[in-house]
Amino acid sequence: MSQADLNDQIPVFQLKGSMLAITVLELAQNDLERLDQQLAVKVEQAPDFFNNTPLVLALDKLPAECDLDLPALIALCRKHGLRTLALRAGDPQIVEAASRLDLPVLPPSGARERKLDIASKAPAEPAKPAEPVYRPTRVVTTPIRGGQQVYAQGGDLIVLAAVSPGAELLADGNIHVYGPLRGRALAGIKGDTNARIFCQQLAAEMVSIAGHYKVAEDLRRDPLWTEAVQMKLSGDVLNITRL
Amino acid sequence: MAKILVVTSGKGGVGKTTSSAAIGTGLALRGHKTVIVDFDVGLRNLDLIMGCERRVVYDFVNVIQGDATLTQALIKDKRLENLYVLAASQTRDKDALTLEGVGKVIDELAQNFEYVICDSPAGIEKGAHLAMYFADEAIVVTNPEVSSVRDSDRMLGLLASKSRRAENGEEPIKEHLLLTRYNPERVVKGEMLGVEDVEEILSIRLLGVIPESQAVLKASNQGVPVILDDQSDAGQAYSDAVDRLLGKEVNHRFLDVKKQGFLQRLFGGRE
Chain S
1 MSQADLNDQI PVFQLKGSML AITVLELAQN DLERLDQQLA VKVEQAPDFF NNTPLVLALD
61 KLPAECDLDL PALIALCRKH GLRTLALRAG DPQIVEAASR LDLPVLPPSG ARERKLDIAS
121 KAPAEPAKPA EPVYRPTRVV TTPIRGGQQV YAQGGDLIVL AAVSPGAELL ADGNIHVYGP
181 LRGRALAGIK GDTNARIFCQ QLAAEMVSIA GHYKVAEDLR RDPLWTEAVQ MKLSGDVLNI
241 TRL
Chain B
1 MAKILVVTSG KGGVGKTTSS AAIGTGLALR GHKTVIVDFD VGLRNLDLIM GCERRVVYDF
61 VNVIQGDATL TQALIKDKRL ENLYVLAASQ TRDKDALTLE GVGKVIDELA QNFEYVICDS
121 PAGIEKGAHL AMYFADEAIV VTNPEVSSVR DSDRMLGLLA SKSRRAENGE EPIKEHLLLT
181 RYNPERVVKG EMLGVEDVEE ILSIRLLGVI PESQAVLKAS NQGVPVILDD QSDAGQAYSD
241 AVDRLLGKEV NHRFLDVKKQ GFLQRLFGGR E
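Going down the list, the sequences are from chains S and B. Position one of the first sequence corresponds to residue 1 (our numbering), numbered consecutively onward. Position one of the second sequence corresponds to residue 1 (our numbering), numbered consecutively onward.
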């Protein structure tokens, strides 16, 4: 029932803007033979550097229409331990050759645009303010059995039946149980410290408001155990008062 | 079109197979063509309880995999002409059951019988899930004991959410509570949960209360469903339960402490 809803809401991925430090090989001339020789010399000098190093091949300094053998160039780089991630080029011939090899192309240097538009947003997004959209209260009329989880996102939860031990109730807002609460109830889970929990019979395994919780061990010592109560947060402490 | 009943519990050892055998037999006794299917692949015992273990040639998995037809696999009960048993495989395990395979067999059974009783294995994994997936009604067998009640509660949650009816948004499975191994003396002493306690926690209709009885062990050893022992309290209680299943209003017996007369106490009649 609610397990499926919960799975839908958990995001599978996140897009982040990032600044990567990456090696750029700027090719000045289209001379693969000499490139091979000169790269070999460099590898001898610093073999660790050429160990599967990710690379951006900058070809924008090459003369236009130079008839570059792109596959050979990529293979050459790979031979020396340089793995080409992307090209930097503006020449349409090169861009076309790159797309045939399924290699991304970055715009020539000087242009500060990034390929990934979404990354242009500030990398650390502040938490969105609570949505002002009205979400109607979720009402459940059947008993909530052990092992079931009900999450009322963006609002309150009302349960008009018993909540069995082993069941979990979660809500961004308040939780009302018009029956015995024998499972767990977590209100204000997005941080709303004003959330409250109401129930007709306090027999819960655990209650929590905005992360401040009490387990049955503590709740049982309260004189209002098994009574009709409301629970709210005062400061850091969960207060239990008679309904 | 047949009624598919699942006898399930979550907890093991509470009386599912005993109850499946008894209820299936009870329905057949009342003239309804009934088949009882054992879903406990690898740990089969429905055939033992029904007394047909020596006549099992083909089993449920054979039918699913096409090695045998349903007619070849079904075992006719020796005592009643309306009653058939489909045994489980003893050599395979639950992975041999597939949703489509089980569905096809149940469809075929539903066309030829009035009642298809699915004897579920314990647990909430594949075997139990397949046993309850196609059900129209469920009999949740519970002992008046805390872990059994909690497991039955979990099973009720699964019946309401993971069955075919739930997934297709049809009318939900009709749930019945069968309280087994009930001992009124211990309830009075406060050692055992009472009927009201269990009803309050599970909040489903009470189908019947089967008292703790020595007749059950005797019956399973003899391979005779206990309902056929109509002198025993358990047998009679099962008979009442079957009547209630068919819609009759029957008072619950065996709920109160038996008042033993002086002579009974003297000669130790503890049945």
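Since the hints were made in silico from the structure, they are not lab data. The C-beta atom is built at its ideal place from N, Cα and C for all residues, glycine as well. Take the hints with a grain of salt, since some may be wrong.
Restraint-style ranges between C-beta atoms, simulated for each label pair [stated by the list, open to error]:
1. B:Arg55 / S:Gln200: 53 to 59 Å
2. S:Leu20 / B:Lys162: 54 to 60 Å
3. S:Pro107 / B:Ala166: 32 to 38 Å
4. S:Leu160 / B:Thr69: 24 to 30 Å
5. B:Leu217 / S:Asn239: 53 to 59 Å
6. S:Leu160 / B:Gln72: 48 to 54 Å
Hints versus structure:
{"no.": "1", "hint": "B:Arg55 / S:Gln200: 53 to 59 Å", "in the structure": "holds (56 Å)"}
{"no.": "2", "hint": "S:Leu20 / B:Lys162: 54 to 60 Å", "in the structure": "violated (46 Å)"}
{"no.": "3", "hint": "S:Pro107 / B:Ala166: 32 to 38 Å", "in the structure": "violated (54 Å)"}
{"no.": "4", "hint": "S:Leu160 / B:Thr69: 24 to 30 Å", "in the structure": "violated (50 Å)"}
{"no.": "5", "hint": "B:Leu217 / S:Asn239: 53 to 59 Å", "in the structure": "holds (55 Å)"}
{"no.": "6", "hint": "S:Leu160 / B:Gln72: 48 to 54 Å", "in the structure": "holds (51 Å)"}
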